[in-house]
Amino acid sequence: MEPVIPFTGQIVAMPINDIDTDQIIPARFLKTTDSAGLGKNLFADWRYEADGTPKADFVLNQPQHAKATVLVAGDNFGCGSSREHAPWALKGSGFRAVVSTSFADIFRNNALQNGLLPLQVDEETQQQLISLAQEDASTTLRVDLEQQTLTLPDGREVTFPIDGFARHCLLNGIDQLGYLQSLEDEILAWEESHPARVNTLATA
Amino acid sequence: MSANGRRPRTLFEKVWDKHVVRAPSNGAPTVLYIDLHLVHEVTSPQAFTTLRERGLKVRRPERTLATMDHSTPTTPRNELGIIPVPDAMAAAQLDVMRRNCEDFGIPLYELGNDKQGIVHVIGPEQGLTQPGMTIVCGDSHTSTHGAFGALAFGIGTSEVGHVLATQTLLQDRPGSMAVRVEGRLQPGVTAKDIILAVIAEIGIGGGTGHVIEYTGEAIRSLGMEGRMTVCNMSIEGGARAGMVAPDDTTIDYISGRPCAPQGEEWDQAVANWRQLPGDEGATWDREVVLDAAELTPMITYGTNPGMGMRITERVPDPDSLGDPAAKLALDKALTYMGLQPGQSLLGKAVDVVFVGSCTNSRISDLREAARIVRGRKVADSVRMMVVPGSQPVKRQAEAEGLDEVFRAAGAEWREAGCSMCIAMNGDQLQPGQYAVSTSNRNFEGRQGKGGRSFLASPLTAAASAIHGAITDVRTLQTELA
Ligand code: SF4
Numbered sequence: 011m012e013p014v015i016p017f018t019g020q021i022v023a024m025p026i027n028d029i030d031t032d033q034i035i036p037a038r039f040l041k042t043t044d045s046a047g048l049g050k051n052l053f054a055d056w057r058y059e060a061d062g063t064p065k066a067d068f069v070l071n072q073p074q075h076a077k078a079t080v081l082v083a084g085d086n087f088g089c090g091s092s093r094e095h096a097p098w099a100l101k102g103s104g105f106r107a108v109v110s111t112s113f114a115d116i117f118r119n120n121a122l123q124n125g126l127l128p129l130q131v132d133e134e135t136q137q138q139l140i141s142l143a144q145e146d147a148s149t150t151l152r153v154d155l156e157q158q159t160l161t162l163p164d165g166r167e168v169t170f171p172i173d174g175f176a177r178h179c180l181l182n183g184i185d186q187l188g189y190l191q192s193l194e195d196e197i198l199a200w201e202e203s204h205p206a207r208v209n210t211l212a213t214a
Numbered sequence: 377m378s379a380n381g382r383r384p385r386t387l388f389e390k391v392w393d394k395h396v397v398r399a400p401s402n403g404a405p406t407v408l409y410i411d412l413h414l415v416h417e418v419t420s421p422q423a424f425t426t427l428r429e430r431g432l433k434v435r436r437p438e439r440t441l442a443t444m445d446h447s448t449p450t451t452p453r454n455e456l457g458i459i460p461v462p463d464a465m466a467a468a469q470l471d472v473m474r475r476n477c478e479d480f481g482i483p484l485y486e487l488g489n490d491k492q493g494i495v496h497v498i499g500p501e502q503g504l505t506q507p508g509m510t511i512v513c514g515d516s517h518t519s520t521h522g523a524f525g526a527l528a529f530g531i532g533t534s535e536v537g538h539v540l541a542t543q544t545l546l547q548d549r550p551g552s553m554a555v556r557v558e559g560r561l562q563p564g565v566t567a568k569d570i571i572l573a574v575i576a577e578i579g580i581g582g583g584t585g586h587v588i589e590y591t592g593e594a595i596r597s598l599g600m601e602g603r604m605t606v607c608n609m610s611i612e613g614g615a616r617a618g619m620v621a622p623d624d625t626t627i628d629y630i631s632g633r634p635c636a637p638q639g640e641e642w643d644q645a646v647a648n649w650r651q652l653p654g655d656e657g658a659t660w661d662r663e664v665v666l667d668a669a670e671l672t673p674m675i676t677y678g679t680n681p682g683m684g685m686r687i688t689e690r691v692p693d694p695d696s697l698g699d700p701a702a703k704l705a706l707d708k709a710l711t712y713m714g715l716q717p718g719q720s721l722l723g724k725a726v727d728v729v730f731v732g733s734c735t736n737s738r739i740s741d742l743r744e745a746a747r748i749v750r751g752r753k754v755a756d757s758v759r760m761m762v763v764p765g766s767q768p769v770k771r772q773a774e775a776e777g778l779d780e781v782f783r784a785a786g787a788e789w790r791e792a793g794c795s796m797c798i799a800m801n802g803d804q805l806q807p808g809q810y811a812v813s814t815s816n817r818n819f820e821g822r823q824g825k826g827g828r829s830f831l832a833s834p835l836t837a838a839a840s841a842i843h844g845a846i847t848d849v850r851t852l853q854t855e856l857a
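From first to last, the protein sequence lines are chains A and B. The letter at position 148 of the first sequence is residue 158 when you use the working numbering, and the numbering goes up by one with no holes. The letter at position 125 of the second sequence is residue 501 when you use the working numbering, and the numbering goes up by one with no holes.
So that you can see chain A by itself, here it is in the shape it has in the complex (with noise of 0.2 Å):
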């Protein structure tokens, strides 16, 4: 994986609560057995006419939004379904990082397995954040991971949290698999003193 660098990206607002990872990546397209090409199905259902055509008054088909990297979204991000497409196919459509007050858990972790950041903010910065978008599609963040800050237009800073492994990971672009590799006495230590109940094997 590539190490996250610092980066200014633009921010497009997408100002609704509890976005299901449903919306953010329909189930029908969860057939492929791959992970890249996901990006043309980013919340296919909002985005899209039923033949294809592009919505004309959805955020993410107006032009002015097309470079932007930043989604700034209402409360609960991400809930639902545990599909890790959801990232992929925000990745795959150029998104670096996702703003809002919470995320779901398993979405959260996700994005971090792919160097897609969850940046948590206060009610007050998503709400400035959502009127600077909507005012000025050119609006951009500055987003530097290492001192775990966002820069405003306007120059103010807001921290926010992130799990420090998550972030040690994604400043070395290192995966977290290797790490529980390297623990394999531990592992193999714990199965010893705690006998298998299940043979999984025998059943089919």
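Calculated from the structure, these hints are not laboratory results. Do not rely on the hints blindly, as some may be mistaken.
[Said to hold, decoys possible] For the chain A half of the interface with chain B, some residues (derived, Cβ under 10 Å), not all of them:
1) Ala60
2) Thr63
3) Phe68
4) Ala96
5) Asn124
6) Gln191
7) Glu201
[To be verified] The list that follows gives simulated cross-link-like pairs (lysine-lysine, DSS-like), each with its CA atoms no further than 27 Å apart:
8) A/Lys50 <-> B/Lys753
9) B/Lys394 <-> A/Lys101
10) A/Lys101 <-> A/Lys65
A virtual CB, placed ideally from N, CA and C, is assigned to each residue, including glycine.
Put chain B with the ligand on the given structure of chain A with help from the hints.
Just chain B with the ligand now, with coordinates in the frame of chain A:
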């Protein structure tokens, strides 16, 4: 402090503590051992790709079980006893699952296998789901297995790869929350109504970051299948997992199942399970209390499972909400649903009734639906689909003649799978159609693009199928309890 000098611990804490391979260290979260990993075709392919790319094996195939459920057709078998898969993409995904399981040595209940079914139905059914275990699956409704006093939660595909390769996961310790349901349920009110009422109460983000333990007389009085229904929808309240402490009901249910421990091992296991319920004096970070006696059949009116109400209530008015975002959300939901503020849902005509999903497709759910349907006819205007959760559930229902009850009433009796819960397999609502569904999600388009879902219990669903419109089951002339 308890008598032995230890801080009293909750059920969740006991299960968590036992599975810690490494406590938080060097800034990394807890490394948690996973006892049982369930796998399905939709959220696993990319994880196997990662394993291949890195030359890794599946560390514990004997703690891993795969099934096919999400994209599988539920249409009848052909003359060869095979269920054809007409959708090329679904067929390709199922092939990939088959190949992955072969290459990595993972047992698979494939389409047509006599144990195949929805991933959260088969684990408990085979006796693989046991108290005190840690169980994961690339599926948010893994919380279902918590009904046995297991710590069970959904993970993403990257994490599926972590568990396949190492049998462990990095996890921050969640907070804890108790939902206590006191008293006894009235006739016609079920486990589904309990959990819909809980979610309406706490909101769909209300449990975020928490593991819920369900306690109280009404929960204790539920059978295992009712407890599974409750735990299943914990995720719809945002919770990481839901749990119920194991008791005699739990132990009786597991006893004799194919993968249950035998003989001396059984006695040992039961002795361990008896230690799992929370200690006297253990506390949760939050507690919510409901009175079962006051609950009624519930129904959702909106586009998330938190938008639920008593079936006799009226659709709320967005203008009555103070919070502008909540008002907007309700406005948007009612527009999508084609409903008016203040409207009663009783008598609202529906096109489809779906009885199925990992929430309500077990034998007791089918028995309840059949009790209502028996000797009656599904309204001409309604398509009623009954989709058993697994092949064993299907056979059991057929042995009891339930298939005949449904067929005689004009309902479809189908093969096992997720079906219209997620609408990936061709079982789907048409745009604008209304459905009463026993599944767990009423999100926009969840049951088919443009489809509109009312979530309810199997009793309510069946009663609505008969009348062709949303019906309070308590008004039917049927013995309910
Ligand atoms: S029945 Fe529905 S909720 Fe359950 S596992 Fe299948 S798709 Fe998911």
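(message) Flag every earlier hint the structure violates by its number, smallest first.
(response) 2, 3, 8, 9
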